[in-house]
Amino acid sequence: MSQPQQPLGQPQQPLGRPQQPLGQPQQPLGQPHPAAPPEARRRLHPLTPLLRGLRFAALAVVAISWQGYEQLGTARWALAVSLVALVLLLGALISWRATGYQVVGRELRVHEGLLWRRTRAIPLERLQSVELVRPLLARLFGLAELRLEVVGASKTEAPLAYLSLDAALALRERLLALARGVAPATGTAPTGPGALPAETGALPAGATATGPGTWTTPVAPGPVASTALPERGVHVIANRDLFLSQLLRPQWWALPLVIAAPIVFFFTESSLSFVAIASTVTAVIGAVQAPVRVLLADWNFTLGVAADGLRIRRGLLETRSQTVPPGRVQAVGIEWPLLWRGHGWVRARMDVAGLTAQDNNRMREGTLLPVGDVPTARRVIAEVLPGFDLTSVAVLPVPRRARWLAPFRARVLGYTLTDTAFAGRDGVFTRRLVVVPYGRIQSIRVVQRPLQRLLRLASVHIDTAGAGLPAIAEHRQVAEIRPLVTELAERARAARQH
Amino acid sequence: MTAFSIWPDDVQWRRVSPKLLWVELFSLFSGLAIFVVACAFAWLIFDYWPILLVAGFAAVVTLVRAALLPRIISSWGYAERADDLLVRHGRLVRRLSIVPYGRMQFVDVTAGPLERAFGLATVQLHTAAAASDARVPGLPPQEAARLRDRLAALGEARAEGL
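Chains as they are written, first to last, in the numbering used here: chain A, 1 to 498; chain B, 1001 to 1162.
You may find that some hints are simply not true.
Claimed, not checked - Taking beta-carbon pairs under 8 Å as the criterion, some of the chain B residues facing chain A (in silico):
no., residue
1, A1079
2, E1080
3, R1094
4, A1131
5, D1133
Claimed, not checked - Residues of chain B placed beyond 10 Å of chain A at every Cβ, according to the derived structure:
no., residue
6, L1044
7, P1113
8, S1132
These are computed hints drawn from the structure, not numbers from a lab.
Each residue gets a CB set at the ideal place from its N, CA and C atoms; glycine is no exception.
Model the full structure from these sequences, guided by the hints.
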C-alpha cells in the first residue's frame, strides 16, 4: 500500500504532500481530504510494555528455571531472572515509545520500530474485519487489543495492543464509520462503559473496565456525539448446547487410551517414571485441546447485526468482539458432524479475506455458529448471505461411475446453483456444504485428472479471496461442465454489476 | 477437440510460441545433468552402485517427459473473451482457468534468463484469490506486452473490488 514519504517519526510535517524522490511513481496517498489537518499520533496504553514484557519474562523465567535452578543456586537464579526481566521490560518500553497510530483521511497509519521504522497505511474502505480482543491479563487492567484484517496480509495487520477499553471501542467505531464511508464528525466520543453491555458486563467482578486510576488515552477532540448503532440480536448460543456439542467430538475417544497406557505400563514395569507421567499429561492435553479450546473461545457466543456489519462476541477467559462489515463474507461452510446428527446440530463458519489463513488455529476465528439446529443455521446464514435458504438446498448427485474414484464420497458429493450462490457438498463423516455467493467468485478452474478423463469426469473449482473453504463441484460429467462454467461465469458477472 | 474435452472449442484459442519447447527441454535436461553429476559424485565417494540405478531411473523419466513435451507445450492456449480470459494447459492433468477481467488485481510479465535467450516471456494474471491460476508462458515479448496492456485496460474498465 502507499507508503507516506515524509521522514518517519515526524508526524507534524504535513502529510498531504508527498515529496518526489528518485523516480518513484506518483503514489496516490489515498487521502480524500487533503485539506483536513493530520491529527496527532497517539500512543498505545502505557501499561502495554508491562503486559507485553511480562508475557515474555514469564517464558524466560520458566526456561531459566528448567535449565539451571539447581546449578545456579537461589541467589544467582534470582539475579539472572531479574536481569532477563529487566532487559525484556526495557525492550518492550522502547518498542512502546516508538509505536503510534493516527487516522489520516480514510486511512489508519500505524508507526512501528525504532531502528527499522515502518509506517503502515491501511485504507479503511478495504477493511475486512475488526476484532476487539481482550486476553485475561488485559481484562484485569481494563485494556483491549484491536486487530484489523485487510486482504493480502498473511497475518493480522496492525494489532494495536493494548489500548484502554474506551479508546479501543471508540477507535473501532470510528474506523468502521470510515469504512462505511460515513464522513467522520471530527471524532466520535468514547462510548461509555455501559453502552455495550456485552463488552464490559462479562468482566469478572473487581476488574472494572476503566477502574479508578486507570490511564485512559484521550480518544479524539471534538463534540461528544454518541454514534452507537442500534444492533439487532440474531442469535445467542446456549452454553449448555456448546458444552454438550464439544463433548460429542471424537477427540474424547482417545482419552481412555491415553490414560490407560501408563497404567498398563505401571503394572508391567511396576514403576512409574516422571517421563511416563509427563508424557501422559501432554497426551491428554493434546487429545482434548481442540474441543476445550472451542469451548473457551465460543463461550457466551452472541451474534448480532448492525448497520456497520455482523457483530460476534464470544469468549470465556479471552473475550473477542468481532465486526465484519457487510459484503465481506467470501464463503460460508456448514458442517454436519457425524456425532451431532442425533441432535440435528450443525455448525457454520465464514470465510473472510485476510481472516482465514491456511493454518488451523486461525480457522476458529471464522466461527459463525458454533452449534445450532438447522432452522437456526438457516436464519444466521440468511443474515450473511441474503437470499440463501439452507433448507431448500438440494444438490445434484454425481454420476454412478464416480464411485470408482470416490467410493464413499460419491453418495455425498454434489453441487447446486441457487438464485444467489453456488453450493458444493462433500465429506463422509463430517458432511460439509460450502456456499459461495456469485458476487464473490474470483475465478473458475476446471481440472481433469487422468483417471477422471478415463471416466469422462472433471472437477470445477470456485476460487474466492478467502482461503479456508474450498468450493468444488467434484467429479461432474464432462458434458455438464461447459454449461455449468458458462452459467457460473454469467451469474458471477451479473452479481458483480449490481 | 472432441465433445469429451473440458476445453471449449467455440473460442479462438491462441497458442504459445513453439520456442517454449526449447526452453522447457533445456531446463529439463540441465536439471537431469545436475542430478546425474550429483549421483556420480555420491557413487565415487560411497562406492555404492545402486546410486547409479537412481540416476538411470531419473534419466529414463526425463526422456519420457521430453518425448511428451511437444504435446504438453501444444496444450497451452489462451483466449480473450469479452469479459474473461481463458487459459488451458496440461495433457495428463488437464486444466482450464476462467478469470474475469474485472477481478484482476495486477498483471506480471516475467522473463527468466533462459526465456530471454529464446525471446520469450510469461504473463500472469493475479486476482484476490490465491488459487487463481492464469499464467501464460512462452509469449513473444510484443505479444506479452500487448496482452498485458489489454488485460490492464480491460481490468480497469471493469474494475470491481472484492
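Do the hints match the structure? See the list:
A least Cβ separation of about 13 Å between B:A1079 and chain A goes past the 8 Å threshold, and the interface hint is therefore violated. This hint is violated: B:E1080 has a C-beta 14 Å from the nearest C-beta of chain A, more than the 8 Å allowed. The restraint placing B:R1094 at the interface with chain A holds, with a minimum CB-CB distance near 4 Å, inside the 8 Å limit. Hint status for B:A1131 relative to chain A: holds, with the closest Cβ pair at about 4 Å, below 8 Å.
A least Cβ separation of about 6 Å between B:D1133 and chain A falls short of the 8 Å threshold, and the interface hint therefore holds. Look at B:L1044: its CB is around 39 Å from the nearest CB on chain A, clear of 10 Å, so calling it non-interface holds up. No Cβ of chain A approaches the Cβ of B:P1113 within 10 Å, the least distance being about 25 Å, so the stated non-interface status holds. At roughly 4 Å, the least C-beta separation between B:S1132 and chain A is not larger than 10 Å, which violates its mark as non-interface.
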